[in-house]
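Protein chains: 4
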Amino acid sequence: MTDKLKVAVLGASGYTGSELVRLLLRHPRVELTALTADSRAGKGMAEVFAQFSGINLPTLVKIDELDLGGIDAIFCALPHATTQIVLKDLLAKKPSLKIVDLSADFRLEDPAAYEKWYGHAHQALDLQQEAVFGLVELYRDKIKGARLVANPGCHTTTSILPIVPLLKAGTIDADEIAIVSATGMSGAGRAAKEAMLFSEVSEGINAYGVGNHRHTSEFDQEYSKAAGHKVEASFTPLLVPMNRGILGTIHVRGDARKLHDVLSKTYAGEHFITVLPFGQTPHTRHIRGSNHVQIGVAADRREGRAIVISALDNLVKGASGQAIQNLNVMMGWPETTGIDQIALFP
Amino acid sequence: MTDKLKVAVLGASGYTGSELVRLLLRHPRVELTALTADSRAGKGMAEVFAQFSGINLPTLVKIDELDLGGIDAIFCALPHATTQIVLKDLLAKKPSLKIVDLSADFRLEDPAAYEKWYGHAHQALDLQQEAVFGLVELYRDKIKGARLVANPGCHTTTSILPIVPLLKAGTIDADEIAIVSATGMSGAGRAAKEAMLFSEVSEGINAYGVGNHRHTSEFDQEYSKAAGHKVEASFTPLLVPMNRGILGTIHVRGDARKLHDVLSKTYAGEHFITVLPFGQTPHTRHIRGSNHVQIGVAADRREGRAIVISALDNLVKGASGQAIQNLNVMMGWPETTGIDQIALFP
Amino acid sequence: MTDKLKVAVLGASGYTGSELVRLLLRHPRVELTALTADSRAGKGMAEVFAQFSGINLPTLVKIDELDLGGIDAIFCALPHATTQIVLKDLLAKKPSLKIVDLSADFRLEDPAAYEKWYGHAHQALDLQQEAVFGLVELYRDKIKGARLVANPGCHTTTSILPIVPLLKAGTIDADEIAIVSATGMSGAGRAAKEAMLFSEVSEGINAYGVGNHRHTSEFDQEYSKAAGHKVEASFTPLLVPMNRGILGTIHVRGDARKLHDVLSKTYAGEHFITVLPFGQTPHTRHIRGSNHVQIGVAADRREGRAIVISALDNLVKGASGQAIQNLNVMMGWPETTGIDQIALFP
Amino acid sequence: MTDKLKVAVLGASGYTGSELVRLLLRHPRVELTALTADSRAGKGMAEVFAQFSGINLPTLVKIDELDLGGIDAIFCALPHATTQIVLKDLLAKKPSLKIVDLSADFRLEDPAAYEKWYGHAHQALDLQQEAVFGLVELYRDKIKGARLVANPGCHTTTSILPIVPLLKAGTIDADEIAIVSATGMSGAGRAAKEAMLFSEVSEGINAYGVGNHRHTSEFDQEYSKAAGHKVEASFTPLLVPMNRGILGTIHVRGDARKLHDVLSKTYAGEHFITVLPFGQTPHTRHIRGSNHVQIGVAADRREGRAIVISALDNLVKGASGQAIQNLNVMMGWPETTGIDQIALFP
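Residue numbers (the UniProt record's numbering), protein chains in the order written: chain Y, 1 to 346; chain S, 1 to 346; chain W, 1 to 346; chain Z, 1 to 346.
Derived from the structure by calculation, the hints contain no laboratory data. Note that the structure is predicted; figures quoted are calculated from it, not measured. By construction, the Cβ of each residue, glycine as well, lies at the ideal position given by its N, Cα and C atoms. Where hints are given, some of them may not hold.
Examples of chain Y residues lying across from chain W (beta carbon under 8 Å, computed) [said to hold, decoys possible]:
#, residue
1, ARG190
2, LYS193
3, GLU194
Construct the entire structure; sequences and hints are all you get.
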């Protein structure tokens, strides 16, 4: 046991926190050393999530009670804005920590962009500059040497993976990207809000954050870098009556066959990404509970137009699974360690 | 009772058939005189749909057994292609029949378009020319005098209602219309197919008919008529794990405020259409079981772009409710007769 | 319009409140005059429940702001304990009011039983004695002359209707009644609680209030009255991932055929109750949105044992529909007025 | 790799088959050597279940095409009745095979009981006598030396585990056991039947096989053995609109505290069984996708009565997970090998 990496999960009482615990419990090179949840401190994890009944886990503590001496790495699943203050403090106390942050705080490189979308100046600018955007398939080399990795959002992971290679290759019109991204409810978190009650959500579908969703800023950053000039996509998220899964449906201008070729080649060696045969498109249920992404490309009946569809599990590849994939890369471990489950279907 | 209209429902064993029966049973000017279902002939309706247990209804018969003498009007909920042969025959026998057809057979005016999308020549060209496209809010005057009305499809009703007025007014770019239309499972009908089993559908979302869905032909026809020139939109339908409801999410180019003005004015006097305040967008659960349509318009963060979202119940305004609305107009009755229910929520 | 009954709904911002409004809007002899919701006072009903968008309704007010002068009858959908204080006050101010109360406050005749189950002395003992238990099929005659009717609970309506006639007839062993009553989530109300979030409820089933649910007291009262001696049944409620519907599965000792005969005869003339053919059992989806009850009886493979299964919609026959049925009887109107909808299936 | 056990899955195109493949792919001591599915022979597993896209698996073959030479052990997930003929033949050809059978064919020891419940004489009586009932926690010692293990049914596993120890200890009245067992839809299999369509199942609940379900015979056998005399329980299964999970709600006569003591002691050392603190009862969502069972005991308000509630995943502990647990025991491997996943929640 002594050679295992000692890991803490900050914010273990939310869904991304419990998903980290689910996966890390079966990760062969990690020891779960501490779990924090300020509002539930003192409770056992099984009191907060009954799926852990009968399993040995550290008691929940407050962040202030963390004993950093015994901790090598941290997964941070805290709310936006709080995160930058907490992590600045922890790294000041122990600069050798390895950190994967699941909040939005360190995803944007440009302080001005952060301020515009989040409404306040960033409180840890040095760290913001240091942080690496944690989309492994795009930034694997940078992540290897990183101390602080900013895990990308679930909607953005879904639609960055299929579109960035196309922008890099110049095979689509950067000005005409229309994304409709349908997500299950676990992406909305565990806060008790009327709009998230079963009776309000079940048997219905709706859009939210229409025209101006905050995560658009991640698209802007990555699409623009890929294209080499400023790109702004249109993006509308939908809420679907299911627990897990995101389906990105993206209408673009470009030759569908070429798009398929570019994506097939780009991701040929990637364990977690499957580009389906031309014309086939994915179902979210086939990646539920797994770290896999399935991408499909089909031709529109209008020449020069294509539909790209991308599916992943918002809590795994869209959050906690990708966070562990990042840790694996940071530590130089085989990238699939602990996150190689097959999807749970049905 | 003698002054009630005597009505037959052809294809009463499908979901649009049972929905017609549900609504017509409480329609004050209609008497349900005959129900057909060739594969279930001889059975009671309650054997096929247990929600009718304890309710007095005609026994299911085969179409050949229909006594046309006692029938004034017909709702036809038969499969595509079969329909044109059946209705040609019935109208030959009794030309005075009033007919609302829920299939796709008479929706396209152009025989060439029909042949292209459906793969065979139309078998009742005279009727095809005679038929009126049954979108009441657009064609009310033509429907008044019609003998044969072609009830439009559910996806198309959802996205024709908000877009046609914009094309007529010239407020959007006709070349850049990208529709993602998410539908509940009842739209897929009652045929026993593996892909429609609960265990296959639940907890997942996927696209289908990508790039080339047949109903696109209805968009082409109506959008082109509205614009005054050929228009082809991009259209991707999604299947959502819920029973009823369609949400159309439509990315367009145009000034969002102007779009909202046009739609608000166009539908100001329409009982069944509500244009929500600017920036608000609809949830399908708020129109479940009702004949109402809710439409919202929001600005994209890019100037000159907008998102239009439209919601209706695929079995009511998207099929059987609209069919009764058509009959009401054909007969000169108040348009809301028998179809004025409030949505069932939750 | 002037001869319509002027009706107020107290507690219109909950699900039973909105269900009352849905049904009363299409009730031909009722005018919705006032709606109260203390926490949402000043808002329009469509702001609280978007299914009422575009429909003309009184603005929500506080109970204190009610103008009793213009009100003839009240549906009270307030929380337990609050209700007895509010109604005592209103009846003191205007003794001629007709009231149907949907809370538990006036269901128990025995003050000691109330105190035992609800933990405090009843604050309106006179009204408690006056109130009539509003299960129309059992107490129609008493309800006719009543001023205050206590609408029964949803679980209890489901399992009182099939069991009381059997106890009256002496055809089952009163000591061995085991009820498992599975309900949809709308029965839990609209309060924002973590345990009621979509992500917590979906794709799972569980029991609650095991061994000691408060509504057991209603069973005790009605079963004991029917049997002529003290009866205590076992009762376990389950929460099911669906919006509406209750299914009561009741294991009893008795001859199944005889049970079926007794129930068939008892309910032969009842519009809202269907006893299915022997051996058939109901599905809740076939009564969704309607005021109907379906009851089935099957033989256990052990002689002298039977399974009785009962299904209704918890928001309609289990709450708001039955409340209107009570008003219809109180007013001497046809009992089905305004509540004769067919179930919404699928 | 050469020392891995070579395993075939017969009937890989059903849900228990795909669940076996999901789990065995990550089992460190097993090599998946062959997959059969007569109706899909020649196809890749990913064509039948898209969650296996990108994963290397043997092509589906017919049973007749199996090369037994390279196979050490078989999981058989074929339909009832077919199974006994197939396995008789395979064991005749290669007597050294280790077999775990997931059908009902070898669960009943008594040929007369089999004939009564299944309507025909058993075709492999020798094997029926040889087979061991594969409920590991009850029959671990017998399973160790077994060649053929009959994996128990999902409803029966759910309600045998909590009740058998109580009957052995004599703490409940064997004559008064009333089971209501609510299952998700995956238990009904992948056959395309109208009653299993999403639109038929969603938003509703119903009983099936009322009074005389075949699996009752497994209860009879195990309960009678445990009690030492003939026991017949009452058993009603319910279908719930969710994919996975079974909740057994069992009303019994006995002292609740004593029952809890017996179960706590019996299962204290069992990895896969958690007896919750007295008065707490389980939710199926907390065992979804895992091999765990959670059991709760609560007191009825009537003295001498108790409610026992048991939850497991019908496809894992109720089928494929338990089958692998059986193989692990047969092979002398650590019992949790390959099946130690935490539940997927939400």
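Hint check:
{"no.": "1", "hint": "ARG190", "result": "holds, 6 Å"}
{"no.": "2", "hint": "LYS193", "result": "holds, 6 Å"}
{"no.": "3", "hint": "GLU194", "result": "holds, 5 Å"}
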